[in-house]
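A.B. asks: For reference, the chains in residue letters:
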Amino acid sequence: MELDTVLISRLLTGLTLTFHIIFATIGVGIPLMISIAEFMGIKKRDPRYVLMAKRWTRGFIITVAIGVVTGTAIGLQLSLVWPNFMQVAGNVIALPLFMEVFAFFFEAIFLGMYLYTWGRFKNPYLHWLLSLPIVIGAGMSAVFITTVNGFLNQPEGFVLEGGQFAAVNPMEAMLNTATPSKVFHVLSSAYLTGAVLLAAIAAFMLLKKKASDSQKIQSADYHKKALKMLMSIVLFFGAVNVLSGDLSAKYLGADQPEKLAAAEWHFETEENADLRLFGWLDENQNVQGDIRIPSFLSFLAFGDFDAEVIGLEEFPESETPPLIVHYLFDLMVMIGFILPAVSLLYFMFNFRKKRNEHNRWLLRLIVLCGPLAFLAIELGWYFAELGRQPWIIRGFMTVEEAATSSPYIGLMFLLFLALYIVLGTLCIVVLRKLFRGNPAELELEKEIGDQS
Amino acid sequence: MSYELIGITVLWLFLYGYLIVASIDFGAGFFAYYAKVTKKDHIINQLISRYLSPVWEITNVFFVFFFVGIVGFFPDTAYYYGSALLVPASLAIVLIAIRGSFYAFENYGSKDSTIYLFLYGATGLLIPASLSVALTISEGGFIVEENGWVSLEYFALFTSPLSWSIVALALVSVLFISATFLTFYASRANDQPALKLVRTYAMFWSTPMIVAALTTFIFLSQHNERHFHNMMDLWWMLGLSVGFFLLSVWLLYSGKRYGLAFMSVMMQFFFAFFAYGIGHYPYILDPYITIQDGATHESMGIALVIAFIAGLFLLIPSLALVFKLFLFDADYVKGKK
Chain A
251 MELDTVLISR LLTGLTLTFH IIFATIGVGI PLMISIAEFM GIKKRDPRYV LMAKRWTRGF
311 IITVAIGVVT GTAIGLQLSL VWPNFMQVAG NVIALPLFME VFAFFFEAIF LGMYLYTWGR
371 FKNPYLHWLL SLPIVIGAGM SAVFITTVNG FLNQPEGFVL EGGQFAAVNP MEAMLNTATP
431 SKVFHVLSSA YLTGAVLLAA IAAFMLLKKK ASDSQKIQSA DYHKKALKML MSIVLFFGAV
491 NVLSGDLSAK YLGADQPEKL AAAEWHFETE ENADLRLFGW LDENQNVQGD IRIPSFLSFL
551 AFGDFDAEVI GLEEFPESET PPLIVHYLFD LMVMIGFILP AVSLLYFMFN FRKKRNEHNR
611 WLLRLIVLCG PLAFLAIELG WYFAELGRQP WIIRGFMTVE EAATSSPYIG LMFLLFLALY
671 IVLGTLCIVV LRKLFRGNPA ELELEKEIGD QS
Chain B
-3 MSYELIGITV LWLFLYGYLI VASIDFGAGF FAYYAKVTKK DHIINQLISR YLSPVWEITN
57 VFFVFFFVGI VGFFPDTAYY YGSALLVPAS LAIVLIAIRG SFYAFENYGS KDSTIYLFLY
117 GATGLLIPAS LSVALTISEG GFIVEENGWV SLEYFALFTS PLSWSIVALA LVSVLFISAT
177 FLTFYASRAN DQPALKLVRT YAMFWSTPMI VAALTTFIFL SQHNERHFHN MMDLWWMLGL
237 SVGFFLLSVW LLYSGKRYGL AFMSVMMQFF FAFFAYGIGH YPYILDPYIT IQDGATHESM
297 GIALVIAFIA GLFLLIPSLA LVFKLFLFDA DYVKGKK
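Line order of the protein sequences matches chains A and B. The numbering of the first sequence is the working numbering, which starts it at 251 and goes up by one. The numbering of the second sequence is the working numbering, which starts it at -3 and goes up by one.
Be aware that a few hints might be false.
Partner residues are not named here, just some residues of chain A that face chain B (Cβ under 7 Å, in silico) [to be verified]:
hint : residue
1    : Ile311
2    : Ile312
3    : Thr322
4    : Met349
5    : Gly413
The calculated DSSO-like cross-link candidates involving lysine-lysine, where the alpha carbons are at most 30 Å apart (straight line), are [said to hold, decoys possible]:
hint : chain 1 : residue 1 : chain 2 : residue 2
6    : B       : Lys32     : A       : Lys683
7    : B       : Lys192    : A       : Lys683
8    : B       : Lys32     : B       : Lys192
9    : A       : Lys683    : B       : Lys320
10   : B       : Lys35     : B       : Lys192
11   : A       : Lys474    : A       : Lys458
12   : A       : Lys696    : A       : Lys372
13   : A       : Lys475    : A       : Lys458
14   : B       : Lys192    : B       : Lys320
15   : B       : Lys35     : A       : Lys293
16   : A       : Lys304    : B       : Lys36
17   : A       : Lys372    : B       : Lys36
18   : A       : Lys294    : A       : Lys500
19   : A       : Lys475    : A       : Lys696
20   : A       : Lys474    : A       : Lys683
21   : A       : Lys500    : A       : Lys478
22   : A       : Lys294    : A       : Lys478
23   : A       : Lys458    : A       : Lys304
It is worth saying that the hints were derived from the structure and are not from the lab. Each residue gets a CB set at the ideal place from its N, CA and C atoms; glycine is no exception.
Work out the full structure, taking the sequences as your base and the hints as a guide.
C.D. replies: In structure tokens form, the structure reads like this:
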């Protein structure tokens, strides 16, 4: 019975976060795209880019609403589902949580202003300026909340006295060893995903057939411009993201070796450790069908092919993460390389043979990248979170000690599952309704008509 | 002043802020639905959505701010309230989620849906009711701790006259605050039909509001004598509260200075809320958590206070800008922008 509540507590938190992360990632990534598009539109005096900003904002606000309510849910659930954890850890992580709310507050204030002041200022740059606090606020709330997660992986900034945290140094806890690489990776992947999502939509619209010819040209023009801009952003953040992923792996190698070892099914401590790609475990826990790249794990973890990588055998079995994380890790990394590669392909087509970058297969590939990017985000977080099991605060508190003992937790799981199903469905229905009947070319005609 | 006292003061201020802005929001939901049922929706719905759409997210942040802040300053609250409130707080989350999604979706056609408008109105009443449970149990007697187990005594809660009178007070206060604000907003918009309608709402709800306040006070004296006597020592605050109430009703009745009327409603609740809060001292949760014992480490407390002051430098100008754009910009209020 005891174990059951713990398992359901984990499932409930996992469910809420799985759902929230989709909208949180959109919430961090999209404002930057909106801001870039509006700026380009004003600078180039091209109403198409401004229209992109407008249309993206309209869709964005729907996802923000769901991000806000699920964020409120997880904020409360931290105390409701893990009361023992918050009682202890609250002493150390309160500062970043508090600051995250400030950043969120800041963003909320300016989002309202940005939304309801289109065309209210004479100077268009004034309205664009309102987008900057949104970008900054969204980015900062991701930074602060990620430092909390960093702390749970790498608890620092306190002294343990009789099972309680004492001599707390809030800044040191916030700027723990795990924080820099985590923050870097979270931000770069969110911006990458934001750009990929919008690029996938543009590509999808280009693939669709249009009714009349003049509208077809208008529409294609709009979406091609969006696609090109977004693809260059994908290339940039795709490269940055690979770099940040590499730094994260180096952090794991140095400070969280059991997570890296589990991710790579690296059982024995050795020098010149091989990198394993894919494969599966047979019933004797032997790895089958994997591809080994000699000495590459040492290089990945330490930047040195001869470095010694600690294996899982060094850790007591009760403290090693589940081996399933290998699949999550491999898939995430693979997608992380695919996304910038597709963008590179797009630009190669663009440079070599003109016009061919919009061939249907490439567009289909770009559409596919949208869901892949979100899959990678989920896989990455599953890897990060399952990878520190059995701990909730690594080395100090297990999830079993932290969970609620309330018998109602199972019912609450069902309640929230129903809520997320409803919210998810509504989100899709409303977004479809919003854009189906009101394509870009129609709005563009109106807009240009208004100006002349 | 010690950091834990600063902490609770700041949090209480934010809870007060939430009380005001959320009441406007929740009450508006009920009035919007009520107007629809009585076929008067064309009069006030435009007014309601014009003010509320840009600020609903800010309202929500006040709430998040409070609960993150209280868990931060007083981590023991996470343990006791978190354990005890799993069910009521989860229900509140679901209601808030339904409501939050309404704002996002209302721009795109769901405004016409009676079902959604009903949910919007219903959540406007159910959320304050479910949140007021937290206030009720802070009075003590509803939470039991036995060998490391914290649980809520549902039977005691549901049979307590105190808990029902707090719920009633929350509901009617929400309606009274909201109607007064809407009266003020309608007068700024110079929207005479809307003004007439919401002014009758405001005057109607003033009586049940003061009656509920009185009954809550009586039941509190039976449930928690210490708290009651502490409040009686703050008689001048309660007196000011009643004075401001009378002033606001008189202004509403005489049909002028609606801005001042709303201000005095704010002052009325300010004094009542702070008399209630100060009277609660030193307990946060009677008898388990006091402000002194439940506070976080000093270093964290000071860091939080610093973060709070730094944050205010960011928030106050931003909020001022919002007010300037959406509340005091006469053209926007009138619907010209």
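A.B. asks: For every hint, state whether the structure bears it out.
C.D. replies: Cross-check of the supplied hints:
1. Ile311: Holds - the Cβ of A:Ile311 comes within 7 Å of chain B, reaching about 6 Å at its closest.
2. Ile312: Holds, because the Cβ-Cβ distance from A:Ile312 to chain B comes to roughly 5 Å (cut-off 7 Å).
3. Thr322: Status holds, d = 6 Å.
4. Met349: 6 Å, holds
5. Gly413: Violated - the Cβ of A:Gly413 stays beyond 7 Å from chain B, reaching only about 14 Å at its closest.
6. B:Lys32 / A:Lys683: 24 Å, holds
7. B:Lys192 / A:Lys683: 36 Å, violated
8. B:Lys32 / B:Lys192: Distance ~16 Å between B:Lys32 and B:Lys192 Cα, so the pair holds.
9. A:Lys683 / B:Lys320: 33 Å, violated
10. B:Lys35 / B:Lys192: 15 Å, holds
11. A:Lys474 / A:Lys458: Given that 30 Å is the threshold and the Cα spacing comes to 13 Å, the pair holds.
12. A:Lys696 / A:Lys372: OK: A:Lys696 and A:Lys372 at ~20 Å, within 30 Å.
13. A:Lys475 / A:Lys458: 16 Å, holds
14. B:Lys192 / B:Lys320: It holds: about 25 Å lies between the C-alpha atoms, which stays within 30 Å.
15. B:Lys35 / A:Lys293: Measuring from Cα to Cα gives roughly 49 Å; hence the hint is violated.
16. A:Lys304 / B:Lys36: 33 Å, violated
17. A:Lys372 / B:Lys36: Violated, at roughly 37 Å.
18. A:Lys294 / A:Lys500: 42 Å, violated
19. A:Lys475 / A:Lys696: 19 Å, holds
20. A:Lys474 / A:Lys683: 23 Å, holds
21. A:Lys500 / A:Lys478: Violated - the C-alpha atoms of A:Lys478 and A:Lys500 are around 33 Å apart, more than 30 Å.
22. A:Lys294 / A:Lys478: The hint holds at about 15 Å.
23. A:Lys458 / A:Lys304: Measuring from Cα to Cα gives roughly 22 Å; hence the hint holds.
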